[in-house]
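Colleague: We have chain G; now place chains S and E onto it with these hints.
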Amino acid sequence: MAVRTQTYDSAADAEVALDTRLVAVGTWLFLGAEIFFFAAWWFAFFYLRALNNDQAWKAQGIGAPSKGYGAVVLVLALLAAGAYWVGSRAPSGAVLFRLLTPVALVLGIATCLFQGYEMWHLGFGMTDGGYPSVFSGLTGSWVVQFALATAWLGSIVTQSGPAGDTIARRKPAGSFAWILLFLAAVGIINYILLYLVA
Amino acid sequence: MVVSERRLAIPNNLITGILLAIPAYFAGVWLGTLFGLDDDQNTGVILGYLLATVAFLAGVGFLNYPLERLFGWRVTPIADPVENAGIGRFFRLSLDHKVIGIQYLVTILLMLLFGGIGAMLIRTSLLVPDSTITPAGQYIALIGLHSVMMIFITSAVIVGPFGNYLVPLMIGARRMAFPRLEALSFWVVPPAAVILAAATFWGGFPTGWTGYPPLSEQAGQGMDSYIVGFALIAVALVTSGVNMLATIIGLRAPGMTWTRLPIFVWGIFTTSILGLLAAPVLASALIMLGMDRTLNTTFYVASNGGSNYLWENLFWFFGHPEVYIFILPAFGIIMEIVPHFARKPLWGYRTGVVGLFGVALLSWFVWQHHLFVSGIAPVLRPFYMLSTELISIPTGIIFLVTLGTLWRARVWFTVPMLFCLGFLFNFLIGGISGVYLSDVPTDVTLHGSYFSMAHFHYTIMGGEIFALMAAAYYWLPKMTGKMLSPLLGRIHFWWMFIAFNSTFFPLFIIGLLNMPRRVASYNPDLVGLNRWVTISAYFLFGSMVLFAGNLIYSWFFVSRPALANPWHARSLEWQVPTPVPARNFDRVPVIVGGPYDYGIPNARPVADLGGMVGATGGG
Amino acid sequence: MGMFRIEEADRPHIVRLLIIWVILSAIGIVAVLLINYPPYDQTVQGQDQASTLRLLTVLATPVFIGVVMMTVYSAIYFRRTTTELVDGPPALGNTPVQIAWVAISAILVLFLAVVGIATLSSENVAQAVGQPGRAIGQSGGQTGSATSSSGGPELQVQVIAQQWYFTYRYADYGGVETTHLYLPVDRPVELHVTSLDIIHSFWAYQLGVKADANPGVDNIFHVTPQKTGSFQVRCAELCGLWHGHMADSSGQVVSQSDFDTWIAQQQTDFDTIAKAVPSYAPFYFPEPKLKAG
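Residue numbers (the working numbering), protein chains in the order written: chain G, 1 to 198; chain S, 1001 to 1619; chain E, 2001 to 2293.
It is worth saying that the hints were derived from the structure and are not from the lab.
These numbers come from a predicted model, not from an experiment.
For every residue, glycine included, the Cβ atom is placed at its ideal position computed from N, Cα and C.
Treat the hints with caution; some may be incorrect.
Using C-beta positions, here's what the derived DEER-type ranges look like [to be verified]:
1) S/Thr1259 <-> E/Ala2075: 28 to 38 Å
2) S/Pro1011 <-> G/Asp13: 33 to 43 Å
3) S/Phe1035 <-> E/Ala2118: 53 to 63 Å
4) S/Leu1546 <-> G/Gly125: 51 to 61 Å
5) E/Thr2095 <-> G/Ala11: 39 to 49 Å
6) E/Arg2187 <-> S/Phe1365: 34 to 44 Å
7) G/Gln60 <-> E/Pro2153: 35 to 45 Å
8) S/Phe1035 <-> G/Val86: 38 to 48 Å
9) G/Gly125 <-> E/Gln2232: 39 to 49 Å
10) G/Pro91 <-> E/Leu2092: 43 to 53 Å
11) E/Gln2256 <-> G/Gln60: 44 to 54 Å
12) E/Ala2026 <-> S/Asn1602: 45 to 55 Å
The shape of chain G in the complex, shown without the other chains (with noise of 0.2 Å):
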């Protein structure tokens, strides 16, 4: 039987390519994980909507928040997500890459700080029903997780000295922009759900 043998110039570039390959592995097995998570939440929206049990899906008077406030937490999201992924592809070191990670950072706050802006003026409150209740905690799982992935983004940005962690591990920290990518991936489908459907 073959004996699987790669060769590196170094035991340090074997070590580089596992920590490489095994940050890119682990991270598609947590966005599986948190697929799941999601899907949970979409479930709960669709089957309590089909219900609709005792008329209180949406109660009277009670409708989706701002459509194009949402839509700018959305593009928020989109941009920082974006930003980090076009800044994690450019060689290591790169002015790119530099410039446009702390850009991310700001875009990624922003976001958070928006989202929570509309989260406390919603116009109903959560115990009106099944649309507020998944309304809350759809859009408030989504946004703690996105600011859980701001702050790494955060360590990611204070770490891209000369000898931090970040330049060292250029590869693994681009294995980053996927959870980024997916958690607004994730917003795009709540917006749809929870404004356009609703």
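Modeller: Okay, now just chains S and E, sitting in the frame of chain G:
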């Protein structure tokens, strides 16, 4: 930005964690009282548990890495394990998979003691047909604590100690892929157990492990323990799943092809897939339950746009893969151990792997069999009946592979082998009784009765725990460096086997005779059978005490160390010295043979270890 | 069958095992046929369940005996007899045997599924919501006015669960509500199971009935008593503090004339207290208002 050499300078260990957790709990309760919507204390209790857990983890040292990153200080991606760092390493955050395995082992066994005592109290209460021994509220609290504690334990009892310790050794790796995640998957378990046990102070929770709303929304603050504790176990399942899968995918030694992988590793692989994907669904359901209890949302309130069926669907969508999370590593253990003592290759290795994946795949499509009498749409029932019964096909494969391996073997009757054979008997009964429950017409009578309770104790206790015992007698010599006494082991096996069957088989009959689960008062006609079961259960507990005695005695009071390979097994984990060196292998081994190539003429040794100790060398 | 060529060394084992298996299975099947299976024969549906239970046990017996026998046989005949460690024959697998094993288990499983589905569709073992049924108690409470005194072929009874007892409403008899369940023999009954608070499960053991009671959901269950006698009723879903006490054995299947006498008496008794009892309307839904699935 200049990266400094600074470090967060608090001493990180268990004590710091506990000292930080206590004030954090009260801070959370205070915050909840200030800002919570309810006049009861659910918000405060949940916040308290969450803050206490975070503070505990910070005290243990989990926040150092992210904070040092965030501050722009120098971070080390993975620290090398330190050679023989003394007993203190077991009470600190260790990134060595072997230390984590031992930490898991001891923690889980302590939790098992707690859960077992709960079982004894339950059985004691059932000595009389009315609830004079435990008042009704206490009995239901006991049921809840016993069940959820046991679910916590059985989720991790094989993957935690044995998966963590053995997977790197079996695949020829010197570490895990994500040691921090691996450590996290352990360090959330003690808080989960403590938080669950804390429900006692609130009078427990009344729902059993299923946590069905609206009862779980009506319940007192004990229910908050269920929510937070279970959520932490979900975290453990996800982190452990990511780590195990990435390790098995990415860190196999050169030559460790997928078809040379020990079947135990396949068991861990499949169970990790289930844990990784099922636990997030539980997490979502628990967040909804927590929101209903604290923020007054109405996910599960039928009279305000919610539905209790939402919980039932989400919970069982997690819950049914969850029970295969218990049993898949047990299948792995049985198929792993039997070849070594049959002294034959694993018969039908690939078929066995297909069986494991078949069980894992089908487990996603059966969850509504828990809802046959709940009022689900009748059209769904035939599908779930069929899908559930289909699971007997891949499960049957596990039996086929094991029996095929035993065929014309030269069976060496060691204690692990005895437990494997005991597993086959018990799990056969557990599996066949499962078919009774999958059939809708018979399920109408059996659902929610002692029959189903006997069924899952046969699969989990008779299956998983017997496999656990086989694993303990087989691998603990490598992990603790001491052989468990084979004489005590034999007594333990026969005692446990007889007591187990004597305890749980009558429960099938009790269930058929109209006794529902989770009741403290029952039909006085059944008092004779129940007393028999209770006495047997005491004996069963006694057998576990004997095991604990054997473990403690051999571990701490026997001075003679175990041989490196006492079973003369071929597989890789037995080729390293005992105790296992900090970095497992001097250099990454090159795998040149299969783990079960017994009796094959001119079979190559399993690996080229580069001058390390040989196949049967002493330690 | 060239595929199943049997090795010389295997032959004595296989012959011995087959003989033992046939004998033990025959004895086992006769033994399990002698058992009287619950939930016995008080209702058509219960009898059906009992016969399914018997069928499953008959099928399980040879499977159980076969596997246990193989295990025990291996332990006896394939144990190591030398003091030295010796390896067994290096058999890596046998494709025809594996295919046969999977095929046999698949046939058994499909057979069971077909039988189960057939039973399910023939007897309406547990028809639940989504089946509109006839609206019951349209007058919306205990007003005593009969809604369908003529009565269809099916007697309609609403089972109302709450912490921690069941009450029964006879829609065909003016919505009279009782704490005991009486059913006439040989008349199909349509049970509408619902709850006022949390999830309960209505379990009438001898009737072969178990149906969850969900708040605001109408869970329909059909049953036809065929023998008079008493039966037990209890809750089978953990429902809090006094779940264990949510049981009684006062259920009765009686002749039609006894039933008429009893229900007339109930209506008389009920009329005297009707005015003092508040309407249930805010707390439960007389017709299926919420959906499950």
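Colleague: Each hint: holds or not?
Modeller: Hints, verified against the model:
1. S/Thr1259 <-> E/Ala2075: 28 to 38 Å: At roughly 29 Å between Cβ atoms, E/Ala2075 and S/Thr1259 fall inside 28 to 38 Å, so the hint holds.
2. S/Pro1011 <-> G/Asp13: 33 to 43 Å: Hint holds: Cβ distance 37 Å, inside 33 to 43 Å.
3. S/Phe1035 <-> E/Ala2118: 53 to 63 Å: The hint (53 to 63 Å, Cβ to Cβ) holds, given that S/Phe1035 and E/Ala2118 are roughly 58 Å apart.
4. S/Leu1546 <-> G/Gly125: 51 to 61 Å: 58 Å Cβ-Cβ, so the 51 to 61 Å window holds.
5. E/Thr2095 <-> G/Ala11: 39 to 49 Å: The hinted range 39 to 49 Å holds for E/Thr2095 and G/Ala11, with Cβ atoms some 44 Å apart.
6. E/Arg2187 <-> S/Phe1365: 34 to 44 Å: holds (39 Å)
7. G/Gln60 <-> E/Pro2153: 35 to 45 Å: For G/Gln60 and E/Pro2153 the Cβ distance comes to about 42 Å; the hint holds.
8. S/Phe1035 <-> G/Val86: 38 to 48 Å: At roughly 40 Å between Cβ atoms, G/Val86 and S/Phe1035 fall inside 38 to 48 Å, so the hint holds.
9. G/Gly125 <-> E/Gln2232: 39 to 49 Å: holds (46 Å)
10. G/Pro91 <-> E/Leu2092: 43 to 53 Å: holds (50 Å)
11. E/Gln2256 <-> G/Gln60: 44 to 54 Å: holds (49 Å)
12. E/Ala2026 <-> S/Asn1602: 45 to 55 Å: Roughly 47 Å apart at Cβ, these two residues keep to the hinted range, so it holds.
In summary, the structure agrees with every hint in the numbered list given earlier.
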